[in-house]
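Here is what each chain is made of, one letter per residue.
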Amino acid sequence: MIDFHLAIQDLPKNERDNLERMWEDPQGRSQLISEFEKFLSTAIKLSNLKGRINEVSK
Amino acid sequence: MGFLDKLFSRPAVEGPSKRELRESNEKRLKALDEQIKALRPYDREFLRGMGQRSGSWGVKAMLVVFGMGNILRGVGYDAEERKPIEKVISTTVSETEVEKIAVDTPVSIEKEIVVSGASGWANKFTNPGQPNLDHTAIEKAILDAVPPGVSIKGVEIEAEGYASPEGDNTLLTAEHRTEQVGSIADQVAIDGVSVNVTRKADGNTIRWTDNTTGSIVEGKKQDFLLAHGLSDKSFEDIAHKVNRGKLSKSEQQDPVVKAVQDMLRQSRVEIAKIKISGVEHKIFERDNVVTDKSTKDRKIPGDLITTKHHRVREHGIMPDKFPEIDPWLYGQYPPDPIIDERGIKIGAKDPTAPLPKIPKPDPLKIKRVPPTIVSAKIVGKAKDRVKNTHESFTKNHPSPQGNRYGHRKQAGGRV
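Chains A and B are the protein sequences, given in the same order. Our numbering puts the first residue of the first sequence at 1, with every later residue one more than the last. Our numbering puts the first residue of the second sequence at 1, with every later residue one more than the last.
Derived by calculation from the structure, the hints in this document are not laboratory data. Some hints here could point you the wrong way.
[Said to hold, decoys possible] Label pairs and their in silico Cβ distance ranges: (1) Ala31/B <-> Asp17/A: 24 to 32 Å; (2) Pro12/A <-> Ser108/B: 15 to 23 Å; (3) Val279/B <-> Glu37/A: 32 to 40 Å; (4) Lys13/A <-> Ile36/B: 21 to 29 Å; (5) Glu20/A <-> Ala31/B: 32 to 40 Å; (6) Pro12/A <-> Lys273/B: 28 to 36 Å; (7) Lys18/B <-> Glu37/A: 19 to 27 Å; (8) Glu158/B <-> Asn14/A: 46 to 54 Å; (9) Glu37/A <-> Pro106/B: 29 to 37 Å; (10) Lys111/B <-> Leu32/A: 46 to 54 Å.
[Unchecked claim] For lysine to any residue, the following SDA-like pairs were computed, each having C-alpha atoms within a straight-line distance of at most 25 Å: (11) Lys246/B <-> Arg265/B; (12) Lys27/B <-> Lys13/A; (13) Lys38/A <-> Glu20/B; (14) Lys37/B <-> Glu37/A.
For each residue, glycine too, the CB sits at the ideal point set by N, CA and C.
Model the full structure from these sequences, guided by the hints.
Set out below in structure tokens:
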């Protein structure tokens with residue numbers, strides 16, 4: 001499973017505390033999951049684009 | 001019932017309960033987890049890079065570079081501002097270049113080798129001064145298996161060992177194993193070596209060649225002793241002599257001694273599987289390299305750029321060359337025109353609108369500074385003498401202590 005605490009361990013303390021508070025609250029957790037879903041979707045799209053550009057430029 | 005009573009008696013509009021939210025979160029997290037597990041290695045690597053950059057470096061947006069020739073653009077999505085962004089990379093070179101880059105690729109090499117027995121490793125300690133054949137064989141195998149350009153990061157050795165009938169030191173003891181591993185790691189400069197030796201048979205199972213059939217026999221030590229008319233004591237005497245190379249010429253011709261010698265050799269033959277992990281350094285040539293004028297970074301299409309070190313220009317131009325890109329990523333244009341720090345509107349709602357023209361400075365208005373001309377005029381008799389010797393020096397280094405030509409007075413004469 002996704003390890004949230006591991007994922008945020010490098011962040012500054014205050015930012016980490018805020019995120020941890022959000023994670024404890026179901027509403028906040030839902031928001032964070034939405035953000036991550038968007039991030040993942042963006043990453044996959046960018047990755048596809050990057051792969052396609054690499055193929056074209058070969 | 002008063003107004004306030006009516007107001008508060010109405011049932012509140014209820015969202016999902018905490019329990020429902022928790023269940024939904026769990027489901028979404030599981031789905032995300034599945035999605036991550038199903039990622040292609042390429043995507044996974046990309047995602048990791050993105051996470052590292054956006055996490056550790058505090059970068060707020062990632063862009064992928066695309067374009068041809070020496071004009072490149074970066075497109076991406078600003079996570080904080082929730083807007084698509086685009087960066088035009090202005091370049092300093094007029095022609096594309098080729099750049100050589102080094103790429104480290106993880107490699108894994110597997111090799112099977114025949115070693116003369118795990119007991120040989122222990123022999124180094126039980127019989128000091130004797131060559132340790134196994135150690136050398138394994139070390140040589142590792143070095144042979146690794147092609148040039150690969151750095152070894154770790155070695156895993158799996159060996160199955162037959163026991164020789166000499167005693168407990170036939171297979172590597174934990175203590176010896178540790179010392180040997182350290183020794184190998186030191187000699188071939190490896191970060192880590194792990195050795196896994198398993199006993200293929202118990203301490204009494206040995207192998208020898210059957211004299212009548214010529215085939216290899218596996219059996220108990222007692223069977224071997226019976227077949228060759230040996231007692232425990234006489235066998236051990238011969239085995240010790242064989243191990244220490246102290247056989248006389250007549251003993252070397254003795255068929256029983258030969259059989260013991262052969263049995264000891266057979267019992268020590270093992271196959272070790274060596275798995276080497278390392279990193280291969282390869283040099284690639286990148287075509288179409290341009291230099292980002294603002295950062296002096298060198299970029300090719302497909303590269304990633306981040307907005308931490310780049311000034312990102314947003315102008316809402318949809319890159320129509322890539323229609324498969326999801327509209328939410330690039331198709332949403334900024335609601336209001338964006339004005340840059342010079343007061344120029346660079347936002348455009350119309351995706352087909354051309355890029356705004358940025359006025360170039362009028363070359364006539366550029367203040368030019370004339371070059372400083374340094375000259376020295378030498379006259380009179382001194383002219384010829386000075387001309388070929390100190391002219392350049394006096395031009396640039398007029399001495400305050402010297403005469404008007406910048407020469408110091410010299411003893412014995414006047415300049």
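Hints broken by the structure, by number, lowest first? Hints 2, 5, 6, 12 not satisfied by this model.
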